[in-house]
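Visitor: Residues per chain, in single letters:
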Amino acid sequence: MNDELDPDDPSDPELSRALGALAPESASQDDVYARALPGFVRARQRHRMMTITASVAIAIAAVVGVALTSGVPKLSGVKTVDPAGRTTTLPNRPTTSDTTAASTSTTAPTGGPGVGNTPGAGTGSGVNNPSTSSTSTTTPVSGSKTERVTSAGGSIVVTVGARNVNLVSESPAASYSTDVRASGPSEVEVRFRIGSDGKTEHRIRLRFDSNGNLIKEIT
Amino acid sequence: MQTTDLSSVSHPSYGVADFEIAFRDHFEPMVRALTVAGGNREVAQDCVQDAFSRAYVRWRRISRYDDPVGWVRHVAINRMRDHYRRETRKRRATEKLAARPEEQMPEPATEEGLWALVARLPDQQRIAASLFYVEQLSVRETAVAMELSEGAVKYHLHAARTKLRQEWRQVP
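Heads up: the protein sequence lines correspond to chains A and B, in order. Quick note: the first sequence, position 24, residue 24 per this note's numbering, numbers continuous. For this note's numbering, add 1000 to where a residue sits in the second sequence, where the first one is 1.
Keep in mind that the hints were calculated from the coordinates and are not lab data. There may be inaccurate statements among the hints.
Simulated DEER-style distance windows between Cβ atoms [claimed, not checked]:
(1) B:G1113 / A:T53: 47 to 53 Å
(2) A:R48 / B:K1090: 30 to 36 Å
(3) B:Q1166 / A:L37: 31 to 37 Å
(4) A:E25 / B:R1058: 24 to 30 Å
(5) A:A59 / B:R1060: 42 to 48 Å
(6) A:I60 / B:R1085: 34 to 40 Å
(7) B:R1089 / A:R46: 23 to 29 Å
(8) B:R1091 / A:V63: 35 to 41 Å
Computed from a predicted model, the values in this text were never measured in an experiment. Quick reminder that beta carbons are idealized off the backbone N, C-alpha and C, glycines included.
The following block holds chain B by itself, in its conformation from the complex (with noise of 0.2 Å):
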């Protein structure tokens, strides 16, 4: 799969000793970004602040990646996958274990309105959709948080604002 190289991003260099002008500039908008994606601000803000503490820890090393922002946002991205994805697993887990079906939980889907919406997108076309159009990031940078190509980034984004779009006006 061909990605981003992260070298041909221009980004803003942060020294050794830029941690919290890095972390003020951009924990806010990845935990918006994120909230969007996964439907559960504190949730987003666990998973980006675990993303910076371990590059707090590793700081010096990461400050001198081209873009050690992007390292912290990827941390973030698989780490609240990997929160959904124990969170489907207990869900299905307490499905087969549940002698009454009405006592299973209710799903995001459930939600009204334009996060309903979002949520029934696909995992991919949700977190492009989240990076590009809430975190305003730029095509190239959503495909370096991703580890995906340019194209399929657009492809991802043109499928989910397609789908946004058509059923948006329809939400009372």
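In isolation and in its complexed conformation, chain A is listed as follows (with noise of 0.2 Å):
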């Protein structure tokens, strides 16, 4: 019999109607479709969150990679040293020109002058003769950095912007004091004076001209 068989053509009505006859077709076909939509809709809705999971989770993989591979920018900062011994670091602020918010770390080397802006007890330095000298240059803007100005009476951190100036800190010389007159953002001043009546100051100031041309006056 099995001879008979034709393995090109295996159709076989008589075993298709046994092997059919083994799973008969269910009586209630209508409602399948009405009981299993509810569960296709749920697997589809936690196919979604998981869609949108995923997406999240590349995303912020992403920008971290992104982020790590680019580099974190370190805290840089402005380092300054006083004539009072003093170790004096500020961040680097170039977009802002807010002057309240800066944030400084200080620390006195052992034995020094007190911190502060009121002159210690340190020793000078030789800055207690008043200087007649003078000068004032003009330095284009573009762009907007931290830069330090320095006089014989003292110093001060300054943001400069485009027709901005802030102050950010100042640092007397040891024994002089400090008279802020302008902190900005159209003009910056600051008077360093020294001696029992205040009259020896050294002073600088810094504002723009018409060009928008940074000038800086130093006495």
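Starting from two chains that each stand alone, build the complex the way the hints lay out.
Guide: Next comes the structure, spelled out in structure tokens:
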């Protein structure tokens, strides 16, 4: 009998009926879809949630990856040592014009003068002689940057932008006191005084001319 | 391994909104075929429903396939294979752990008649016979569903048919 079976023509109605009878058609087919549909909808919602979650995770990973590969900017700043021996680190804040929020960390060397803008008890450094010289320079301004300007009576740190200049900090030399006349944004003027009568003074003044050039006056 | 190219098979096309039509046309025939292939209607129904569920989630894309229902059938067959593979592993683990061999789960082959003959067929022959004789697929469609060549499907069908024909009449 087996020899009669054609390998190229497997059709066999009798066998088909017999095997089909093993799994008769279900009587209630109409409501199968209605019963299955809520499950399908839940599956689609789960799939969408997973897709969204995966997308967000990939985006976060990409951002973190880019940040790590490009390098996190270090907290760099302007490190200054004033004549009194104090070390001051000022963060670079090139785009801000806010002078009140500048954070500074100051360390005083052992045995040095006290911390602050008032004159300490440190030894002077020959800056008590009043200076009669006066300089004035003009600098074209492009972009925003932090700059330190020094005079015999002390130094100041300012941020200079396009037609604005703001005082970040001032550091008087030993025995000098500070008098901030203007802190920006159109002009910065700081005077450093010494002596009981306060007559000896050094002045730093920064302002813009009509062409937008920064004029530094140091007396 | 040579398999049948899906693009050479003509199928009714389904649009994005035709999921329900595809489901109503093919759910029951698929369940019947996998019931014969696996010996359990509940398992077959779960596998086919799961396959349709996956298709529903991606129907916008799957409906553009040449044979969307073929995709569903293929997923359902794989689900069923996975299920019985897990069951086999479980049974083997139970057998290893069992102190008394008489507590083994009953084999499907202990069932009577044509069921027992079908259950004794190798997997490929059983699935090919189920798709061809129960779901009434063509050799080409069966080949696509099983990811086999048409020649391989013909071989499996011939082998299954020969075995069943040999013993079927002898079954009381």
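Visitor: Does each hint fit the structure? Answer for all of them.
Guide: For each hint, the structure was consulted:
no.	hint	result
1	B:G1113 / A:T53: 47 to 53 Å	51 Å, holds
2	A:R48 / B:K1090: 30 to 36 Å	33 Å, holds
3	B:Q1166 / A:L37: 31 to 37 Å	45 Å, violated
4	A:E25 / B:R1058: 24 to 30 Å	28 Å, holds
5	A:A59 / B:R1060: 42 to 48 Å	23 Å, violated
6	A:I60 / B:R1085: 34 to 40 Å	37 Å, holds
7	B:R1089 / A:R46: 23 to 29 Å	27 Å, holds
8	B:R1091 / A:V63: 35 to 41 Å	49 Å, violated
When held up to the earlier numbered hints, the structure conflicts with 3, 5, 8 and fits the remainder.
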